[in-house]
Amino acid sequence: MTILLLFMILALGCFALLSRDLLHSVIALSALSMLSALMFTILRAPDVAITEAAVGAGVSTIIFVWAIRHTRRRSKD
Amino acid sequence: MKRTLFIIKITFTLLVLALAIFPVILSSHPWPEASRDYLYEHALTDTGAVNTVSSIYLGYRAMDTLGETLVLLVSITGTMGILINLGRESEEEEAVSFSLAPEKRPTNAQRTHLLEVVSSKLGPVVLLFGFYVMLYGHISPGGGFQGGVIVASAIVFLALGTETQTKLTNTNVLGRIEALSFLVLIVAATSGVFFESGFFGNPIKSGSSLSANFIILLNIIIGLKVGTSIAVMCIAMMGGRRGH
Chain A
1 MTILLLFMIL ALGCFALLSR DLLHSVIALS ALSMLSALMF TILRAPDVAI TEAAVGAGVS
61 TIIFVWAIRH TRRRSKD
Chain B
1 MKRTLFIIKI TFTLLVLALA IFPVILSSHP WPEASRDYLY EHALTDTGAV NTVSSIYLGY
61 RAMDTLGETL VLLVSITGTM GILINLGRES EEEEAVSFSL APEKRPTNAQ RTHLLEVVSS
121 KLGPVVLLFG FYVMLYGHIS PGGGFQGGVI VASAIVFLAL GTETQTKLTN TNVLGRIEAL
181 SFLVLIVAAT SGVFFESGFF GNPIKSGSSL SANFIILLNI IIGLKVGTSI AVMCIAMMGG
241 RRGH
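Residue numbers (this note's numbering), protein chains in the order written: chain A, 1 to 77; chain B, 1 to 244.
Isolated chain B (complex conformation) (with noise of 0.2 Å):
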């Protein structure tokens, strides 16, 4: 009984999905054309970008960048709180840290040899090449958020790689470039309006050499800001702000 229900629902889940993707496999409408030839001509000199992917993710569609970045603001918010809370009600029972010192650590069980050798080796690099992205987003494949993530990854490796606690692993030094990279996100939008090009515009004049420097400047601070809110909730999560 409970088999043939199974089957009938299988049966009936793909039925649904063919509905739903055969019109579009089988339409033979014809792709548009007037978007991308728009933007082939007039993209870099609207933006002043230097490559047509970053004119459209800092240039034209900013705000939703702006948008994002406040989502993860926002879920940040919300996973600290609770992770707070939850560290008041259960002080003593399972604080299994990674980055406390060794002595402090009330269990070894999670953390071995392995994890710590290849985690400690691997952080630098990873680190490197986060910023790498980063700062070579206006020319490349990469860009703010990209690099942003993979420098969360990399501080996440280091947590878990190195015994003792750095400035890079502790969640008071992180939050606060956050916030700083925040602030100074709303501003470098804000700066636009002083020279004519409105909210989130570029205030250097595109005919010029240096336009693309603003698009390098968002993406660093985005970068930033990605980077260190995402490594402030993974910390956060092994326990590593109960250390101190």
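Isolated chain A, as found in the complex (with noise of 0.2 Å):
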């Protein structure tokens, strides 16, 4: 179970990164957080998974949305 969260975690983040649309890679980190929050949640660490969930899938994909909002969406190169 672990080891197949590891390599979702590690798929999503792949994706992030070579993504050419930003507001696609928003939305993968945030599901990488609520995978990651729920590896930890197995992992029997409940503080750092609702630390995880509230940072990483709550606060930050607002910022992160916000910013592409006043910046351009699509990454030219």
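These are calculated hints, taken from the structure and not from any lab test.
Keep in mind it's a predicted model, so treat the numbers as computed, not measured.
Glycine included, every Cβ here is placed at the ideal spot set by N, Cα and C.
Among the clues, some could well be false.
What follows is a set of in silico ranges between Cβ atoms, one per label pair, in the way DEER data are often shown [as the list claims (entries may be wrong)]: (1) B/TRP31 x A/SER19: 35 to 45 Å; (2) A/SER19 x B/MET1: 19 to 29 Å; (3) B/VAL173 x A/MET1: 38 to 48 Å; (4) B/GLU196 x A/ALA45: 27 to 37 Å; (5) A/ALA45 x B/HIS42: 17 to 27 Å.
Non-contacting residues of chain B with respect to chain A, defined by C-beta distances greater than 12 Å in every case (computed) [as the list claims (entries may be wrong)]: (6) VAL16; (7) ALA20; (8) THR45; (9) LEU66; (10) ASN172; (11) VAL173; (12) ALA188; (13) ILE216.
Make one complex out of these two single chains by using the hints.
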């Protein structure tokens, strides 16, 4: 279970790095945070899981979406 | 040409990662046990906490918690400085705000009924959960920082969902709560000095049943500080500061 979650986290991280659309990257990062919160819960660290879910999936996603709205969404190169 | 360069880069990265990670995986070094046993024996009596995790992050490592709040304070100050200067330069263009009244809002493109209904109904529940995590941080998973971040996201939900500006989404009120709670944090940290337990020491002796109250107080203060500061930054990024 942990190995499966780790590979999914790795795949989401690679997608967030390689995606051309920044909004897709932000959503992938948010899903990555939720999966790592699940993994922390499985590994019996519930307080780290609460932090990861609140910071990674909540606040940082809001801030990233706002930053993307005020800049450009697609990367050009 | 470009594609082969890409493949070479990827293989090089994987090789470096393998060199860094495999010694950690393959090593058979036993886990350190001395500090674990020491904490199991002494953690609760040393700091007066009820829970070993809170005894570490508000007892032994309380200096780190103070440093985290200082880092947060500095970053919020920098962000607010940049945002205020941005508002001065381009006063008129693109003042899209979510927390303004509808007639003052320039465009309604970003605001939908779905957003209003969902976030205004979800906000109070998340706020209650954040205060639960903050207040019960000394006996259950959670604590000041976690509860504070959840409270901040609840305030952002309420700012997105409600049309009129309340006290809870007013940046002046939130900024004052932040400054006051940081002052109270410093005073509470210094209070241990007068009771022979040092900076950030628990002023109440650990034998009594009241000794966890210091941990609860620190959790509440840190939660208010973190929650209000992150909420101020998010509301200022939404443009709510220019509304009044």
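Hints the structure violates: just list their numbers, smallest first. none
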